[in-house]
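K.L.:
Starting from the structure of chain A, add chain B where the hints point.
For the protein sequence lines, the chains are A and B, in the order given. For the first sequence, the working numbering assigns the number -11 to the initial residue and increments by one for each residue that follows. For the second sequence, the working numbering assigns the number 2 to the initial residue and increments by one for each residue that follows.
Hint data in this document are derived by calculation from the structure and do not stem from the laboratory. Quantities reported herein were computed from a predicted structural model and do not represent experimental measurements. One should not assume that every hint holds.
[As the list claims (entries may be wrong)] To give an idea of the chain A side of the interface with chain B (calculated C-beta under 7 Å), a few residues:
no. : residue
1   : -9
2   : -5
3   : 32
4   : 70
5   : 89
6   : 90
7   : 92
8   : 95
9   : 97
[What the hints assert, rightly or not] Cβ-to-Cβ under 8 Å is the rule here; a few derived chain A residues that face chain B:
no. : residue
10  : 20
11  : 30
12  : 34
[As the list claims (entries may be wrong)] Sample of chain A residues with no beta-carbon within 10 Å of chain B, all distances over it, derived:
no. : residue
13  : -8
14  : 12
15  : 15
16  : 16
17  : 33
18  : 46
19  : 71
20  : 76
For each residue, glycine too, the CB sits at the ideal point set by N, CA and C.
So you can see what is in the structure, the chains are spelled out below.
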Amino acid sequence: GAVVSQHPSWVICKSGTSVKIECRSLDFQATTMFWYRQFPKQSLMLMATSNEGSKATYEQGVEKDKFLINHASLTLSTLTVTSAHPEDSSFYICSASRGGARETQYFGPGTRLLVL
Amino acid sequence: AQSVSQHNHHVILSEAASLELGCNYSYGGTVNLFWYVQYPGQHLQLLLKYFSGDPLVKGIKGFEAEFIKSKFSFNLRKPSVQWSDTAEYFCAVNRGAGGYQKVTFGTGTKLQVIP
Chain A
-11 GAVVSQHPSW VICKSGTSVK IECRSLDFQA TTMFWYRQFP KQSLMLMATS
39 NEGSKATYEQ GVEKDKFLIN HASLTLSTLT VTSAHPEDSS FYICSASRGG
89 ARETQYFGPG TRLLVL
Chain B
2 AQSVSQHNHH VILSEAASLE LGCNYSYGGT VNLFWYVQYP GQHLQLLLKY
52 FSGDPLVKGI KGFEAEFIKS KFSFNLRKPS VQWSDTAEYF CAVNRGAGGY
102 QKVTFGTGTK LQVIP
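So that you can see chain A by itself, here it is in the shape it has in the complex (with noise of 0.2 Å):
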């Protein structure tokens, strides 16, 4: 149990247009679900944390108006960037939990985003 799909697994667009990325909580009710960038050979870096039916937290540097975050179900979160550029080329991962700061979370295979 406990599986989160992404979609796409990878996308590749023109600068200037708008790309959106599905992270899907397949078995179970996600209250939170995160959404990570990773640069390559670097960590996860914290974009923002979404509740069901709330406004996304974002971290500190991360464009609200960029990156929109909807997460208007228990299994279903978005992530739209933006008038994409080059530098937003990363590879984005979602995770969801069930909530509160002590539970899992189950992460999914991540989307590769390049802009051409």
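P.N.:
Frame of chain A, contents of chain B only:
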């Protein structure tokens, strides 16, 4: 700012050797501590976690970790590693309550076990 330090970036061990990976955090309040592992080609998954009680916690696959509050540490150990333990290991801290959570990951330690 809260930080999590993993001092060993790359560790190479022979099978049956003992393993200890260091993890130190900087936050002085209540913390919830995790070790996650990423096997080659797989998602991150939980090895073990600690939030209260016995400071020595046991996880999957023979791993254990000890929380030492005075040292702000949560080191991961395994008495005898196997080739299948080759993976990247991440320490993480979640400081939060209620709807608010603050998660910080360490930089990770790549473990290579030589048969």
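K.L.:
Now tell me, hint by hint, if it's right for this structure.
P.N.:
Hints versus structure:
Using the Cβ-Cβ criterion of 7 Å, the hint placing residue -9 of chain A at the interface with chain B is not satisfied: the shortest such distance is roughly 9 Å. Checking residue -5 of chain A against chain B: minimum C-beta separation of about 14 Å lies over 7 Å; hint violated. At a threshold of 7 Å, the smallest CB-CB gap from residue 32 of chain A to chain B is about 5 Å, leaving the interface hint in force. For residue 70 of chain A, the interface hint is violated, the least distance from its beta-carbon to any beta-carbon of chain B being 24 Å, above 7 Å.
Interface hint at residue 89 of chain A: satisfied, since its Cβ lies 4 Å from the closest Cβ of chain B, which is below the 7 Å cut-off. This hint holds: residue 90 of chain A has a C-beta 4 Å from the nearest C-beta of chain B, less than the 7 Å allowed. Nearest Cβ of chain B to the Cβ of residue 92 of chain A: about 5 Å, under the 7 Å cut. The hint holds. For residue 95 of chain A, the interface hint holds, the least distance from its beta-carbon to any beta-carbon of chain B being 4 Å, beneath 7 Å.
Here the hint on residue 97 of chain A is kept, as its CB sits about 5 Å from the closest CB of chain B, short of 7 Å. Annotation: interface hint on residue 20 of chain A holds; nearest CB of chain B at approximately 7 Å, less than 8 Å. Because the beta carbon of residue 30 of chain A sits about 7 Å from the nearest beta carbon in chain B, less than 8 Å, this interface hint is met. Interface restraint check: residue 34 of chain A against chain B, minimum CB-CB distance 5 Å, threshold 8 Å, status holds.
The beta carbon of residue -8 of chain A sits about 8 Å from the closest Cβ of chain B, which is not more than 10 Å, so the claim that it is off the interface is violated. With a least CB separation of 14 Å from chain B, residue 12 of chain A remains clear of the 10 Å interface cut-off, as annotated. Against chain B, the non-interface label of residue 15 of chain A holds: every CB pair exceeds 10 Å, the least being about 14 Å. Listed as outside the interface, residue 16 of chain A is consistent with that label: its C-beta sits roughly 14 Å from the nearest C-beta of chain B, beyond the 10 Å cut-off.
The Cβ of residue 33 of chain A does not lie farther than 10 Å from every Cβ of chain B; its closest approach is about 8 Å, which violates its non-interface assignment. The claim that residue 46 of chain A lies off the interface holds: its Cβ sits roughly 12 Å from the closest Cβ of chain B, which is beyond the 10 Å cut-off. For residue 71 of chain A, the shortest C-beta to C-beta distance to chain B comes to about 27 Å, beyond the 10 Å cut-off, and the non-interface label holds. Interface exclusion of residue 76 of chain A from chain B stands, the closest Cβ pair being 20 Å apart, more than 10 Å.
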